[in-house]
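Those sequence lines, one after another, are chains A and B.
Residue 125 in the numbering used here sits at position 129 of the first sequence, with consecutive numbering throughout.
In the numbering used here, each residue carries its 1-based index in the second sequence increased by 244.
The hints are simulated quantities; they were obtained by calculation from the structure and are not laboratory data.
Bear in mind the structure is a predicted one, so any value in this text is a computation, not a measurement.
One or more hints might be untrue.
[Said to hold, decoys possible] Straight-line Cα separation of at most 30 angstroms, DSSO-like style, residue types lysine-lysine; simulated pairs:
1. B/K263 x A/K189
2. B/K317 x B/K285
3. A/K223 x B/K505
4. A/K193 x B/K285
5. B/K343 x B/K297
6. A/K201 x B/K351
7. B/K285 x B/K363
8. A/K237 x A/K103
9. B/K505 x A/K142
10. B/K343 x B/K505
11. A/K237 x B/K618
12. B/K285 x A/K194
13. B/K505 x A/K250
14. A/K194 x A/K210
15. B/K489 x B/K317
Now for the letters of each chain:
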Amino acid sequence: MRYVVCIKQVPETTDVKINPETNTLMRDGVAAIINPFDMYAIEEGLRLKAKTGGTVTVLSMGPPQADAALREAISMGADDGILLSDRAFAGSDTWATSYTLAMAIRKIGAFDIILCGKQASDGDTAQVGPGIAIHLDLPQITYVRKIESIDEKTIVAERLMENGYEVIQAPLPCVLTVVKEINEPRLPSLKGKLAAKKAVITTWKAADLQCDPKCIGLEGSPTKVVKIFTPPARQGGEMLKGEPSEIVPQLIAKLKDAILGAAN
Amino acid sequence: MSDPIKINEKCVFCGACVKACPFGAITQTERKTVPVIDLMKCTLCGACVASCKFDAIWMKEKSAATIDLSSFKDVWVFAEQHDGVIQSITFELLGEGRKLADSLGMKLCAVLLGSNVQKQTAELIARGADKVYLVDRPALEHFQDESYANVLIDLVKRHKPNVFLCGASTIGRSLVSRVAVRVNAGLTADCTALAIDPKTLNLLQTRPAFGGNIMATIETPNARPQMATVRHKVMKEADVNPAHKGEVSMETIAEVLLHSKARRLKFVPETETTMNIAEANIIVSGGRGLQTAENFALLRELADVIGAGVGASRAAVDSNWIPYSHQVGQTGKTVCPKIYIAAGISGQIQHLAGMQSSDIIVAINKDADAPIFKVATYGIVGDLFEILPLLTQQFRKVLGK
Ligand SMILES: Cc1cc2nc3c(=O)[nH]c(=O)nc-3n(C[C@H](O)[C@H](O)[C@H](O)COP(=O)(O)OP(=O)(O)OC[C@H]3O[C@@H](n4cnc5c(N)ncnc54)[C@H](O)[C@@H]3O)c2cc1C
Ligand SMILES: Nc1ncnc2c1ncn2[C@@H]1O[C@H](COP(=O)(O)O)[C@@H](O)[C@H]1O
């Protein structure tokens, strides 16, 4: 079985602020990490491989520095890494990103399961996984919290819904997006770290993927960011002081109307 | 392919573009040099082009629309139903959709997929839909990613909506991501504000990014429909008006489109608590400060009395005190209730990412320096084991329960 895990490199914290003077994002010195949800996708790929045999390939589209994310995945146990890096990919929205990743997965050829994180912590869209699935005309199981069974032809997985979970059966190949509940990602082993150091990361450009130039980067992205701004800052509010027996009635007085209103 | 953005010889090295770039993609190593644009960081937002007083930055214009934009009419809303029950997010979409349709001078339409759901069309019309596209087939009884997407793709291609809104729910996000790709539309996730640009008549879609630390406004100038998923509990529900008139259009769909390779075998409802936190108007949330799984009973009792859902920090979920579906934050759910009560939660940035847009935030924490107080509307420095039972007891009296 061949597992392909799509991982994105993101800033380590979402604590980015906009410099009010220059109106620019301040993220100096913020380290880059693997998107938290993608760690669960990597781990699940490795667990599936342990069960069924096969290989885990990690795939990322991003700047040359994303090489580090792929190596980290290899240090956890992934077999190989592919980096899609080309200036022509600049300005990609989720349409173009999922197209480009899908073209790369096509080129990889024989694959059984594509794993993605539920969403990336910078854009928070959760659109790329299903986007890859439709570009490749594949079934999808999103928000997977558990894989119940897998064999060469079929997978049965639980999808987390707002009010419970669904059990879904899909034929392979299939795209999965995973949530945190699915597993606990492992730490890299010493052997893995050595392998990561030595690994040769394959790099593909747009031309290697036979991408339609109209479908990648800026040109392939229907959406356009027209403005970026800081949300109105939340003011620290009022501290209620006194003994609990004094504070509680104060709080109730303040919340009562809102609670009665919320009930309607 | 040549670079989509370039700084040319008109550059006077003033550095204005370096400052203007929201993504830190432009750097200038020395003062008298042409700044360099890192295309991997650049999102081609155009902020630098606007900042340059010397007309020295050239950015490739996106090719003009290749489709006739004016042939796309009406504002569509996807009517999410579970077991035949229209979900409240749908009414919020109709409320917002009404405003957009009115400013565009277009119709507001709902799209309802299901089995035996004809009766529900009346509900959608009473909430303001001028037209309901109904696809009523046994195969559509429950949501299935592929068949639902196929049907929507077919309807969009045939009827060409201008705007297409959907809830940013599990179903909504899984579904329209497929649709948008197939119909070559732009899709903006999890919007918290929508408006029509009076000049261009484009849909301005505003959404949080980076866990709510910044906001971005996005438009789709050259593609239609303009698609967006909308965050639950942000927009106001449309009022019920039984006098509102609308038509129902029964749509015929080719049998092959109803086929799904993936199959839903069963649904297991959550038993832990009744209230789904994404739906809840009030959430009481507990963190490591609660100390044990049993102590969550303190929150559940309060939740019962004030009609709230129960949330949790990741620390509480990781300690197995409460299931993951209750986790609020970056790796859990994003919620936006009217009231969020955080007890024994420190308020780390990853937790705040999931709840800081709540209307009223109440924090109960014994550490006066806890970061949660920075976002709290009302802060209480104290022991939750004293405060919570008192709150429950007194709310019970006040609310007459
Ligand atoms: C990649 C990543 C993703 C993450 N995603 C999430 C996420 O989605 N959601 C999330 O919540 N966290 C997330 N976290 C974790 C986050 O950083 C914090 O560790 C977590 O939110 C802390 O939970 P807590 O506030 O319950 O615990 P703590 O930080 O330990 O805080 C407990 C608080 O309880 C108070 N307290 C203790 N006893 C009492 C008492 N008797 N009365 C009153 N107050 C008391 C203490 O003063 C303290 O402030 C993430 C972290 C990472 C690295
Ligand atoms: N540039 C990328 N390279 C590889 N995988 C990606 C990329 N962008 C998104 N993904 C995958 O798609 C998931 C959802 O991302 P998003 O739709 O951006 O929230 C992520 O968790 C990744 O698994």
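Hint numbers contradicted by this structure: 1, 2, 3, 5, 6, 7, 8, 10, 13, 14
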